[in-house]
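J.: In case you want the letters, here they are:
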Amino acid sequence: MNGGPAIIVAALAYLGLLFAIAYYGDRRADQGRSLIANPYIYALSLGVYATAWTFYGSVGRAAADGVGFLPIYIGPTLMMVLWWVVVRKIVRISKGNRITSLADFVSSRYGKSALIAGLVTLIAVVGIVPYIALQLKAIAGSYTLLVSHHDAGLVAHHQTVPVLADTAFWMAILLAVFTILFGTRHLDASERHEGMVAAIAFESLVKLVAFLVVGVFVTYGVYNGVGDIFSRAAEHPRLSSLFAPLGGAAGGYVNWAWLTLLSMLAIMFLPRQFQIAVVENVNERHLTKAVWIFPLYMLAMNVFVVPIAFGGVIHFGDAGADPDSFVLTLPMAHGQEAIAMLVFIGGLSAATGMVIVETIALSTMVCNDLVVPILLRTRATYVAAQKDMTRLLLAIRRGAIVAVVLLGYLYFRLAGEAYALVAIGLISFAAVAQFAPAVIAGIYWKGATRAGALAGLSAGFAVWLYTLLLPSFAKSGWLPASFVEHGPFGVELLRPYALFGLAGFPEITHAMMWSMIANIGALCVVSVMTRADLAQQAQAARFVDVFRHADGEHALPDWKGRASIPDVEALLARFLGRERAQSALEAYAQRRGFRSLRELPADAGLVQFAETAMSGAIGGASARIMVAATLSEDAPSMEQVMAMLDEASQAMAERRELEQKSRELTAATEELRAANVRLTELDRMKDDFVSTVTHELRTPLTSIRAFSEILHDNPDIDTAERQRFLAIIIQESERLTRLINQVLDLAKLESGRAEWRVVDVDVPAVVRDAADATGQLFSAKEVPLDVRIATGIPPVRADRDRLLQVLINLLSNAAKFVDAGTGRVTVDVGRDGGNVVVGVTDNGPGIAADDRAIIFEKFRQAGDTMTGKPAGTGLGLPISRQIVEHLGGRLWVENAPGRGARFAFSVPACADGSTAVPPAEPARVR
Amino acid sequence: MKTPSTSTTARLAVLFAIGLVAFNYPVIALFDRAATAFGIPVLYVYIFGAWAALIALVAAIIGRP
Chain A
1 MNGGPAIIVA
11 ALAYLGLLFA
21 IAYYGDRRAD
31 QGRSLIANPY
41 IYALSLGVYA
51 TAWTFYGSVG
61 RAAADGVGFL
71 PIYIGPTLMM
81 VLWWVVVRKI
91 VRISKGNRIT
101 SLADFVSSRY
111 GKSALIAGLV
121 TLIAVVGIVP
131 YIALQLKAIA
141 GSYTLLVSHH
151 DAGLVAHHQT
161 VPVLADTAFW
171 MAILLAVFTI
181 LFGTRHLDAS
191 ERHEGMVAAI
201 AFESLVKLVA
211 FLVVGVFVTY
221 GVYNGVGDIF
231 SRAAEHPRLS
241 SLFAPLGGAA
251 GGYVNWAWLT
261 LLSMLAIMFL
271 PRQFQIAVVE
281 NVNERHLTKA
291 VWIFPLYMLA
301 MNVFVVPIAF
311 GGVIHFGDAG
321 ADPDSFVLTL
331 PMAHGQEAIA
341 MLVFIGGLSA
351 ATGMVIVETI
361 ALSTMVCNDL
371 VVPILLRTRA
381 TYVAAQKDMT
391 RLLLAIRRGA
401 IVAVVLLGYL
411 YFRLAGEAYA
421 LVAIGLISFA
431 AVAQFAPAVI
441 AGIYWKGATR
451 AGALAGLSAG
461 FAVWLYTLLL
471 PSFAKSGWLP
481 ASFVEHGPFG
491 VELLRPYALF
501 GLAGFPEITH
511 AMMWSMIANI
521 GALCVVSVMT
531 RADLAQQAQA
541 ARFVDVFRHA
551 DGEHALPDWK
561 GRASIPDVEA
571 LLARFLGRER
581 AQSALEAYAQ
591 RRGFRSLREL
601 PADAGLVQFA
611 ETAMSGAIGG
621 ASARIMVAAT
631 LSEDAPSMEQ
641 VMAMLDEASQ
651 AMAERRELEQ
661 KSRELTAATE
671 ELRAANVRLT
681 ELDRMKDDFV
691 STVTHELRTP
701 LTSIRAFSEI
711 LHDNPDIDTA
721 ERQRFLAIII
731 QESERLTRLI
741 NQVLDLAKLE
751 SGRAEWRVVD
761 VDVPAVVRDA
771 ADATGQLFSA
781 KEVPLDVRIA
791 TGIPPVRADR
801 DRLLQVLINL
811 LSNAAKFVDA
821 GTGRVTVDVG
831 RDGGNVVVGV
841 TDNGPGIAAD
851 DRAIIFEKFR
861 QAGDTMTGKP
871 AGTGLGLPIS
881 RQIVEHLGGR
891 LWVENAPGRG
901 ARFAFSVPAC
911 ADGSTAVPPA
921 EPARVR
Chain B
1001 MKTPSTSTTA
1011 RLAVLFAIGL
1021 VAFNYPVIAL
1031 FDRAATAFGI
1041 PVLYVYIFGA
1051 WAALIALVAA
1061 IIGRP
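Heads up: the sequence lines are chains A and B, in that order.
If you use the numbering used here, the first sequence closes out at 926, no skipped numbers anywhere.
If you use the numbering used here, the second sequence closes out at 1065, no skipped numbers anywhere.
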């Protein structure tokens, strides 16, 4: 029938078509019109789950134990019920953390541990190798079957033929080349391969159509429908027992349950499923369609499995052919070569799809999580010398693809013959199931630690190696058969298929039970016994609480924390100022439910808060880098630092400028306010002054007017009276004149317009002149004026007339306030350091302490001005003080010894003059 | 798209639990017998029927607005 070359041409043509689809898909992706951006492609591409195992192996399994193949599809269906909850979370986390593989995901969750990434990669590669062997076995077997056209089944004579003459070897090479073409033509940062996904979705359709065609042919072409097959099977002694196979089989229900669980985990954690479901996911919404389309796909794929299996057994008899190849041998036996060819292409689809996606996923992991970390550690200089890292990475990936496929071939040569297809696949399932505890705990339990995950993965993997992989080597003859039958070194308790004497279960169930106990147990126990460092806590929060952040992208930066409260506080203080940082942190602590800052844990949330708080000050990007730089061990890259410095220095410059302006503004405002206060005060003083002056002027005017009217209205007033009235009028007029003069004088002094003739003045002479000028006032009151002048009084720089004015003012004041007869006034002149001091002491009523300040104000007089008649204008002392202060001295009042007051002023002496100037000729002012 | 709506999550979780029960001992043991329905062993009828029902229910729950 079909010659070898024709089959090879058909296979190559089919692969060429796949490549064309992939190429087209990539082109569309580059143009931004994604071919795969719809939920149906996503759901179909998940069909990569159905491999040669499904295509050929399910029938074989069904022929052996009826429903035994179904848990492999019911498990994923159950998982799909939770897909929207669990896988969507994984997708969200992966997008937010730019995760590109399963190893990346697990290590990222546990603080970016390179050790965990390497371990996951190792488990994945070792675990998947048998699975790839399965595909090679199926393709090679189906090819051999088609070519040789005899009913030997899928068992090829590979162990007798040399490698170079082995179909499987050339198939392996072809697949490796093809995968390299598919997956590593160029390097994509997101590790997404749109073209490949499109091709995989197409392959899913092809294998489904092929399987349905052969199913319909067998059921309705060979037999008369499903009922016919089952009624014939009912008469078959072995098949009839398969109508109700579970209760009778060893560990039937337990086995069923474990297989369901195993495939539930496999649908999530097979590297190719993770690649398609998570990494290649374009849109989360696609999940909503996939959760029912993909199970429907599996249902359709399985409807005809039992009819084909039973039909095959009925047709060939129990010993006739390998049940794994019934889908191929049944059409061939009935001369349907076209259907046989279609089945071969369908099987090829199933196998190539698996190998392509699986090896791409594995090569990404091997490259990113195994080879590159090792290279960076051991050959850092070599890596640094590489001009084009892309070429190096692509070379590593291509090498990884070839290596994985060849390892698969090796396993196929070693152990392939000893197992049915399903058994090989289940070994791989059990291996990837070891990822489940670390991942599931990782996204739902923050307490899972790196040490726990490492312990769990290692323990589970070790048990898997011991109970599944090593026995498979034993079966192939690599290890002595006694290892399986009697345990290592004859220790029966350690038999790999009946560990610790747990016998009676199929090997997969047995291995799953022990490995899950070891894996979950180690994960939990070690996790609760170890403490996660801050970097892990941050990642844990990021993974577990991924839905709590509205935007997964805006999660924390990667940081391996060594944050402490003081660190965070210092960082914030640098950008916000100490007080604001303090109050912001305290507010945050309270919001978190802590009483004080001290109780606040330095966790991921705090760092997040710090970043957010700083974003306002230095911008989001810089805040993130700043947090990373300050609170993490990862040094930021040079570009990051430059960008940060740029942004930060710009912000700082603007800030400084603003602060400067603000300070200037504050100062100006302060000045303005002070000026305003002074103005208001001056205004009030002016008003007071005007009203006081007016009042003071009116008093004498009123008297003058009153007496003038009396004289005017009473022409017959007697002369003595008239004389008295006229005297008052004259006296009041004089007072008025004096007042006006003084007001003018004061105004001149205050405005600085007064003329000063400053010369060397001999104070004692001035004092004597003043005493002479006021002598009349004292003698009228019979008050003695005592003048005491010390010797050696130096001259002072002063305006002589003004100084005389001060002295006359003080003396006349004293004369006014002493009692007639008993009063006594003393003038003394002395030296006090560089000053000449003149004092006028009286024994009058004295000045109350309260009044001492106000008597120097204008128009203010001591005592009750309302009752006592004012004895002066109230301007004398203010004028005197102005004069003295202008001369650089000061005027004050103090209590005289005993009773009375002492007015004194000091004027600085001439710098050179310690000798008295000759007494000048007394001169008079006014 | 924020967190999955709690009602959808709860419904899916309940359906998952129902699925676990439906496809495991003891429920599955009820159909693990030699009888046939429509000429097909009841175990196969049950498994494929429950499977289809499960898919329909998932579609119904997730398809809700």
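Hint data in this document are derived by calculation from the structure and do not stem from the laboratory.
Each hint should be verified, as a subset may be incorrect.
Unchecked claim - Derived coverage of chain A by chain B (criterion: at least 3 residues anywhere in the stretch with Cβ under 8 Å from a Cβ of chain B; other residues may be distant):
hint, region
1, 288-301
2, 525-531
As the list claims (entries may be wrong) - If you anchor each label on the Cβ, the simulated ranges turn out as follows:
hint, chain 1, residue 1, chain 2, residue 2, range
3, B, Val1045, A, Leu502, 45 to 55 Å
4, B, Val1045, A, Pro373, 48 to 58 Å
5, A, Gly227, B, Leu1030, 21 to 31 Å
6, B, Val1045, A, Gly593, 36 to 46 Å
7, B, Ala1017, A, Arg598, 25 to 35 Å
8, B, Leu1030, A, Asp533, 48 to 58 Å
9, A, Leu502, B, Leu1030, 25 to 35 Å
10, A, Gly501, B, Val1045, 35 to 45 Å
11, B, Ala1056, A, Asn38, 15 to 25 Å
12, A, Ile8, B, Leu1030, 25 to 35 Å
13, A, Tyr382, B, Ala1017, 16 to 26 Å
Claimed, not checked - Going by beta-carbon spacing under 8 Å, a handful of chain A positions derived as facing chain B:
hint, residue
14, Ala64
15, Leu70
16, Tyr220
17, Val222
18, Tyr223
19, Val226
20, Gly227
21, Ser231
22, Leu246
23, Tyr253
24, Ala257
25, Thr260
26, Val306
27, Leu375
28, Leu454
29, Ser458
A virtual CB, placed ideally from N, CA and C, is assigned to each residue, including glycine.
J.: Out of the numbered hints, which ones does the structure contradict?
T.: 2, 3, 6, 7, 12, 13, 14, 16, 17, 18, 27, 28 and 29
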